[in-house]
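A.B. asks: Whole structure, please, built from the sequences with the hints as guidance.
Position in the sequence shown (from 1) plus 17 gives the number in my numbering.
Think of the hints as simulated: they come from the structure by calculation, not from any bench. Please note: incorrect hints may appear among the correct ones.
Label pairs and their calculated CB-CB ranges [stated by the list, open to error]: (1) Tyr-158 to Trp-199: 21 to 29 Å; (2) Gly-42 to Gly-150: 21 to 29 Å; (3) Ala-36 to Gly-112: 39 to 47 Å.
Result set (PhoX-like, lysine-lysine): computed pairs, CA atoms no more than 20 Å apart in a straight line [unchecked claim]: (4) Lys-207 to Lys-71; (5) Lys-206 to Lys-71; (6) Lys-71 to Lys-57; (7) Lys-57 to Lys-207; (8) Lys-57 to Lys-137; (9) Lys-57 to Lys-206.
Idealized CB from N, CA, C, for every residue including glycine.
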Amino acid sequence: MGPLAINEIISENTNLFLAFIIGIGFGFVLEQSGFSSSRKLAGVFYGYDTVVLKVFFTAAITGMLGLLFFSLFGWIDLNLVYVNPTYLTSAIVGGIIMGAGFIMGGYCPGTSFCGASIGKIDAIVFIGGLFIGVFIFGIGYDLWDGMYLASNLGSPKISTTLGMSDGIFAFLLILAALAMFWVAEWAEKKFPREEY
Numbered sequence: 018m019g020p021l022a023i024n025e026i027i028s029e030n031t032n033l034f035l036a037f038i039i040g041i042g043f044g045f046v047l048e049q050s051g052f053s054s055s056r057k058l059a060g061v062f063y064g065y066d067t068v069v070l071k072v073f074f075t076a077a078i079t080g081m082l083g084l085l086f087f088s089l090f091g092w093i094d095l096n097l098v099y100v101n102p103t104y105l106t107s108a109i110v111g112g113i114i115m116g117a118g119f120i121m122g123g124y125c126p127g128t129s130f131c132g133a134s135i136g137k138i139d140a141i142v143f144i145g146g147l148f149i150g151v152f153i154f155g156i157g158y159d160l161w162d163g164m165y166l167a168s169n170l171g172s173p174k175i176s177t178t179l180g181m182s183d184g185i186f187a188f189l190l191i192l193a194a195l196a197m198f199w200v201a202e203w204a205e206k207k208f209p210r211e212e213y
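C.D. replies: And the structure:
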């Protein structure tokens, strides 16, 4: 819950309770958006259903704008926001593995739990595969830690890398999202699928 527990504005127990409530709310929104359906999720790769793209892009833009406005109002210092370090090689390899799994299984790790929560057997099997993959990665870590930690780029921000302000980058990203939404609508008309 951000810096609230760290700065003792709320207790650690309240922090965990709020995280639990937000998690349930997030899962509910995912399920109501249809993210418990592997066909709907895989539809983004085939062009017949782009709701996944629209929902996640909208969520990312909302979070980005929230942080920018919080920074503008002095409610948050963006320099204190943690940015995951970028290991380029493992990001590419992991993206290929996860993308292939997503296309084949129709779920990503988060949405598989969403599907399993309403009893989808394919989602439960997918979660089993997820844990097998984590186990294999864990026991074999010494074999591929060199690849995993290769090409460390630090914690770059795209706006900084492109030499522009966060506000200009946000504006350009919103324009890109609108263009992507238009392309998504076009794809859904171009590649229709029968109702499922």
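A.B. asks: Hint by hint, note whether the structure agrees.
C.D. replies: These are the hints, each one checked on the structure:
The hinted range of 21 to 29 Å is not satisfied by Tyr-158 and Trp-199, whose Cβ atoms lie roughly 43 Å apart. Between Gly-42 and Gly-150 the beta carbons are some 28 Å apart, a value that agrees with the proposed interval 21 to 29 Å. Checked against the given bound of 39 to 47 Å, the beta carbons of Ala-36 and Gly-112, roughly 27 Å apart, lie outside it. Distance hint between Lys-207 and Lys-71 is fulfilled; the C-alpha atoms sit about 17 Å from each other, no more than 20 Å.
At most 20 Å may separate the alpha-carbon atoms for a hinted pair to count; Lys-206 and Lys-71 meet this at roughly 15 Å. Distance hint between Lys-71 and Lys-57 is fulfilled; the C-alpha atoms sit about 12 Å from each other, no more than 20 Å. Taken as a hint, the Lys-57 and Lys-207 pair is honoured in the structure, with Cα atoms around 16 Å apart against an allowance of 20 Å. For the suggested pair Lys-57 and Lys-137, the alpha carbons sit about 14 Å apart, so the restraint of at most 20 Å is met.
With a C-alpha separation of about 15 Å, the suggested pair Lys-57 and Lys-206 falls inside the 20 Å cut-off, and the hint holds.
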